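Can you make the complete structure from the sequences, with help from the hints?
Those sequence lines, one after another, are chains A and B.
Heads up: the first sequence runs through residues 43 to 229, numbered per the working numbering.
Heads up: the second sequence runs through residues 483 to 639, numbered per the working numbering.
Warning: the hint list may mix true and false statements.
To be verified - Here's a subset of chain B near chain A, in silico, CB distances under 8 Å, partners left out: (1) Leu560; (2) Gly594; (3) Ala607; (4) Leu637.
Because the hints were derived from the structure by calculation, they are not lab data.
Computed from a predicted model, the values in this text were never measured in an experiment.
Where is the CB? At the ideal position from N, CA and C, for every residue including glycine.
Below, each chain spelled out in residue letters.
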Amino acid sequence: MMELITQPWPWYVAGPLIGLVVPFVYWYGGKKWGVSQSLQHMCAAVLPRRIEYFTYDWWKQGAWSLAMMLGTVAGGYIGGRLLSTPDDVVAISPATRADLAELGIRDFSGMMPADVFSLETLLSPAGFTLVIVGGFLVGFGARYANGCTSGHAISGLANLQLSSLLAVLGFFVGGLISAHFLIGIVL
Amino acid sequence: MAPEAVVAESASVPTARSESLIPYFLVGCYLGIIFIKSEVASWFRIQEMFRFQAFHMYGVIGGAVVVATLGVLVLKRLGTRSVLGDEIVFPDPTDRSPSPQHVLGGITFGLGWGLLGACPGPIYALLGTGLPVMLFGLGGALAGVWVYGWLRPQLPH
Chain A
43 MMELITQPWP
53 WYVAGPLIGL
63 VVPFVYWYGG
73 KKWGVSQSLQ
83 HMCAAVLPRR
93 IEYFTYDWWK
103 QGAWSLAMML
113 GTVAGGYIGG
123 RLLSTPDDVV
133 AISPATRADL
143 AELGIRDFSG
153 MMPADVFSLE
163 TLLSPAGFTL
173 VIVGGFLVGF
183 GARYANGCTS
193 GHAISGLANL
203 QLSSLLAVLG
213 FFVGGLISAH
223 FLIGIVL
Chain B
483 MAPEAVVAES
493 ASVPTARSES
503 LIPYFLVGCY
513 LGIIFIKSEV
523 ASWFRIQEMF
533 RFQAFHMYGV
543 IGGAVVVATL
553 GVLVLKRLGT
563 RSVLGDEIVF
573 PDPTDRSPSP
583 QHVLGGITFG
593 LGWGLLGACP
603 GPIYALLGTG
613 LPVMLFGLGG
623 ALAGVWVYGW
633 LRPQLPH
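Here is the structure:
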């Protein structure tokens, strides 16, 4: 049993388990599930600066989302430290591995390549672009589009919202540009 | 000690029908474990997805959409009330018509997703696994949200 849990979970287990969160959050709190609003609530709590987008009762509207965020950090600890072994390698397809090796990735252990994702390389062109610029675009884009993978690709599509389909197509246009062009420039 | 605790608790609860935050925390834990164990929080998996070199990520997102759709359908059909007894209001699929913000914001988000290799949920889960570098990914995301809020009146929506 423990073997089954500590192995990487297949898509047909993980996908449906994630999908259950949508009806649960509707049923428990009458809310549409979306993760990226937690970022907005944090800005509203810490640095609202009289900007309209951040001036609202962040605790009343966002406490649930921030509680879920803290839970996700805790879940990451459980999943990454207690239910995994440190030398787990993500079993990506050989084609992806070859492509990334050609771009100069050497370290294929862990969730992300330590060649780029480490404090030592944070200010290198690759580290800065992937981590900081990438993070900035994730935050900016998620709130501009009014949702991220959870709010649009999962909750929004489940509610048959056309606007979410459009946003998901946008996600793919942007992702394809990054994966096929931008990453090759900075790595 | 005990009476004080009761007073403090009732003082912090503005309405009598306030919901507990604990279930949200637990759902977060559940998600964090899944994000890590299914490797959707892996930069490698995101690169693989955008290169169309494996089915894994499509299976996870597609599987989630199918189950979420069925779940929403069941709740709508049964007319289930929320735990607090309220009618569940589902967003009207037609009330947010597709607009420039979905295209422009979507592309911006996608550019970031392809670089960082993590969307907001996985950022939190990765922090939990003990990757200090993700604090800078989160910092970048918060800066992005703040700048969006600041520029919002000037941007096409």
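We went through each hint and held it up to the structure:
1. Interface hint status for Leu560/B: violated, as the beta-carbon distance to the closest one in chain A is roughly 10 Å, over 8 Å.
2. Against a cut-off of 8 Å between C-beta atoms, the interface hint on Gly594/B holds, since the closest Cβ of chain A lies about 3 Å away.
3. Interface restraint check for Ala607/B: the shortest CB-CB distance to chain A comes to about 3 Å, inside 8 Å, so the restraint holds.
4. Because the smallest distance between the Cβ of Leu637/B and any Cβ of chain A comes to about 7 Å, under 8 Å, the interface hint for this residue holds.
Figure legend: structure checked against the earlier numbered hints; the only hint not met is number 1.
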